[in-house]
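Quick mapping for you: the protein sequence lines, in order, are chains A and B. The numbers in the numbering used here rise by one with no breaks, and the one at position 81 of the first sequence is 81. The numbers in the numbering used here rise by one with no breaks, and the one at position 287 of the second sequence is 287.
Everything labelled a hint here was simulated from the structure, so no lab data went into it. Small disclaimer: the values here were computed from a predicted structure and weren't measured. It cannot be assumed that every hint is accurate.
What the hints assert, rightly or not - List of simulated lysine to aspartate or glutamate pairs, EDC-like, C-alpha gap at most 16 Å:
id	chain 1	residue 1	chain 2	residue 2
1	B	LYS122	B	ASP201
2	B	LYS197	B	ASP124
3	A	LYS3	B	ASP128
4	A	LYS3	B	ASP124
5	B	LYS197	A	ASP257
6	B	LYS170	B	ASP92
7	B	LYS46	B	ASP57
8	B	LYS197	B	ASP128
9	A	LYS185	A	GLU152
10	A	LYS6	B	ASP128
11	A	LYS6	A	ASP257
12	B	LYS7	A	ASP108
13	A	LYS5	A	ASP257
14	A	LYS3	A	ASP160
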Amino acid sequence: MKKDKKFVIGLVITSLVLLMTLIGIIKTPYDPCAMDGSMKFAHISFKHLFGCDQFGRDIFSRVLVGVRETMFISACVVFIGVFFGTILGTVTGYFGGWLDEILMRLNDAVLAFPSVLLALVVIGLYGSGRYQLIAALGIAFIPSFARIVRGEVLKIRNLDYIQAVRLYGASHFRIIVVHILPNLKTVLLSSIIIGFNNAVLAEAGMSYLGMGVSPPAPSLGRMLSEAQAYIFSNPLNAIFPGIVIVIMILGFSLLGDTLGKRNDA
Amino acid sequence: MKYAIKKTATMIITLFFVSVLVFFSFSLIPGNPAVSRLGTEATPEKVAALTHEMGLDRPVMVRFGEWFINVLRGDFGQSYSYRQSVTSLLSDKIKITLMLSVMAIVICAAISVPLGIFMARKSDSKLDIFFSSVNQVIMAIPSFFSGIILTLIFGVILKLFTPGAFVSYKTSFWGCLGYLFFPALSIALPKISMVSKLLKDTVIAESQKEYVRTAYSRGNRTKAVFYRHVLGNALIPVITFMGMTFADIIAGSIIVEQVFSVPGLGRILLTSISGRDYPVIEAIILLLAFFVVMSNLIVDLLYHKFDPRIHV
Numbered sequence: 001m002k003k004d005k006k007f008v009i010g011l012v013i014t015s016l017v018l019l020m021t022l023i024g025i026i027k028t029p030y031d032p033c034a035m036d037g038s039m040k041f042a043h044i045s046f047k048h049l050f051g052c053d054q055f056g057r058d059i060f061s062r063v064l065v066g067v068r069e070t071m072f073i074s075a076c077v078v079f080i081g082v083f084f085g086t087i088l089g090t091v092t093g094y095f096g097g098w099l100d101e102i103l104m105r106l107n108d109a110v111l112a113f114p115s116v117l118l119a120l121v122v123i124g125l126y127g128s129g130r131y132q133l134i135a136a137l138g139i140a141f142i143p144s145f146a147r148i149v150r151g152e153v154l155k156i157r158n159l160d161y162i163q164a165v166r167l168y169g170a171s172h173f174r175i176i177v178v179h180i181l182p183n184l185k186t187v188l189l190s191s192i193i194i195g196f197n198n199a200v201l202a203e204a205g206m207s208y209l210g211m212g213v214s215p216p217a218p219s220l221g222r223m224l225s226e227a228q229a230y231i232f233s234n235p236l237n238a239i240f241p242g243i244v245i246v247i248m249i250l251g252f253s254l255l256g257d258t259l260g261k262r263n264d265a
Numbered sequence: 001m002k003y004a005i006k007k008t009a010t011m012i013i014t015l016f017f018v019s020v021l022v023f024f025s026f027s028l029i030p031g032n033p034a035v036s037r038l039g040t041e042a043t044p045e046k047v048a049a050l051t052h053e054m055g056l057d058r059p060v061m062v063r064f065g066e067w068f069i070n071v072l073r074g075d076f077g078q079s080y081s082y083r084q085s086v087t088s089l090l091s092d093k094i095k096i097t098l099m100l101s102v103m104a105i106v107i108c109a110a111i112s113v114p115l116g117i118f119m120a121r122k123s124d125s126k127l128d129i130f131f132s133s134v135n136q137v138i139m140a141i142p143s144f145f146s147g148i149i150l151t152l153i154f155g156v157i158l159k160l161f162t163p164g165a166f167v168s169y170k171t172s173f174w175g176c177l178g179y180l181f182f183p184a185l186s187i188a189l190p191k192i193s194m195v196s197k198l199l200k201d202t203v204i205a206e207s208q209k210e211y212v213r214t215a216y217s218r219g220n221r222t223k224a225v226f227y228r229h230v231l232g233n234a235l236i237p238v239i240t241f242m243g244m245t246f247a248d249i250i251a252g253s254i255i256v257e258q259v260f261s262v263p264g265l266g267r268i269l270l271t272s273i274s275g276r277d278y279p280v281i282e283a284i285i286l287l288l289a290f291f292v293v294m295s296n297l298i299v300d301l302l303y304h305k306f307d308p309r310i311h312v
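In isolation and in its complexed conformation, chain A is listed as follows (with noise of 0.2 Å):
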């Protein structure tokens, strides 16, 4: 009972965010990156749901685009790190050996460094910029899915069904792609909504630290940076892309709490 409300308030959220970064990629109210001298940090108003910021641009259109960036991002960052991970994952957990060994050693020493640390010494060596961070958020997020994969593969990979069609004188790559990649989806599911978690935290962190997305580009974490300089005086300026950035990951650690436990049981 409890567990299927957690899973409701998730499906809620998680929509709720979807439906922002549709109306991010249709149409916002006013145009990200239109100043307004005379509309400087204008308060809350109907015109201006959130307000605007230091440039007179319209917070609350920058939030929506900013929610359309990160979701881009998030989801390339996840789409890299499951593809990746999953050829990985199944190619050692089925064939073992020594491949198996030195790939699972590398995979291990760069899963125990955080994501943002790892995709900050990419951007020290590449540069920052939108693909740059999709490139070092996305080969971080290789080795978790990499292992997931692995250990699921290795439990399929002897349950009686495999022998069986191996008789038959299937060839490793049909068994693969027939017959184990489909038993994958479950755990996937659940592990890429988690991922997504993750990456929305952080390509908002890094986007915070200036890492991200260039300016005048609206990104909820540059967002939060910029404002944190007026926080004495225009305070609401962090708060709205900041409880826009916590509603997207508890959204998505809700699902992705509730959908991990509906498999175990």
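The hints should help you fit chain B onto chain A, whose structure is shown.
For chain B alone, coordinates are given in the frame of chain A:
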């Protein structure tokens, strides 16, 4: 003992691989550091002279060997943008970041262990639902946002500290600790909710085991059973988890240092990344890798000590 030696050897090998990776990835990036160091004054002659002076015209393996031996001695070379050795540049900042991280761990342990026990005892009451919901929300607040909220409440409204006015530990040790309290708290907050939730779950799972029932049936008092048997076993996974979060806490401190303008490793890492000061970046990555691997080692050894059956 054998276990400890094996683990330490693995740690040294990992660190060696990290240093190889760090050195070669920074040598492979296009662009001559001599050019960036000279900036606008770069003429072909000056670049050639500085390239020679920095030893960049020698084979990469020779440079790696020399760099590696120097690193073992604690010498990370010269910073490009600050005319100072990296070691002297970083020595203060390491202490500040470590102080911040250790404080965050201490705050986390001090709050989450009693809270977790309390939540386990009150499980399935209204209070439990309340705490669980609050926990869920706090877990979703990134440390940089909770840092801003703490600044707003305790710095701007209650005026308990002055945001941005960092007190060095050289002028006043307690003043420095006082300033670091709120940054450490904002790093610790999401960890507190994770650890207390974990402890609550493990305590509940542990108290349903048969040996606990046996202990009760022998006529032990509730408290004695709880503290001697249940808590001891329930704390093992919690300690591992706290050790694993140490890496996260160090990463968190990099971001939170930015929120509270604490002049630690994180701030200088960010300025070095934007200024392309490679020796400083290399040194910081190696140092952070060292802390992370060390904390993993300590956790493994502690884990083994608590439960000798375990070989991680």
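Each hint tested on the structure:
1. B:LYS122 - B:ASP201: Since the Cα atoms of LYS122 (chain B) and ASP201 (chain B) sit roughly 12 Å apart, the hinted pair holds (cutoff 16 Å).
2. B:LYS197 - B:ASP124: Answer holds: LYS197 (chain B) to ASP124 (chain B) is near 14 Å, not above 16 Å.
3. A:LYS3 - B:ASP128: holds, 14 Å
4. A:LYS3 - B:ASP124: holds, 14 Å
5. B:LYS197 - A:ASP257: holds, 13 Å
6. B:LYS170 - B:ASP92: Given that 16 Å is the threshold and the Cα spacing comes to 10 Å, the pair holds.
7. B:LYS46 - B:ASP57: Roughly 14 Å separates the two Cα atoms, so the pair holds.
8. B:LYS197 - B:ASP128: holds, 11 Å
9. A:LYS185 - A:GLU152: holds, 10 Å
10. A:LYS6 - B:ASP128: Between LYS6 (chain A) and ASP128 (chain B) the Cα gap is close to 15 Å, so the pair holds against 16 Å.
11. A:LYS6 - A:ASP257: Given pair LYS6 (chain A), ASP257 (chain A) holds - Cα atoms ~9 Å apart, limit 16 Å.
12. B:LYS7 - A:ASP108: With a Cα-Cα distance of about 14 Å, the restraint between LYS7 (chain B) and ASP108 (chain A) holds, given a limit of 16 Å.
13. A:LYS5 - A:ASP257: Cα-Cα ~12 Å, so holds.
14. A:LYS3 - A:ASP160: With Cα atoms ~34 Å apart, LYS3 (chain A) and ASP160 (chain A) exceed 16 Å; violated.
The structure does not agree with numbered hint 14 stated previously, though it agrees with all others.
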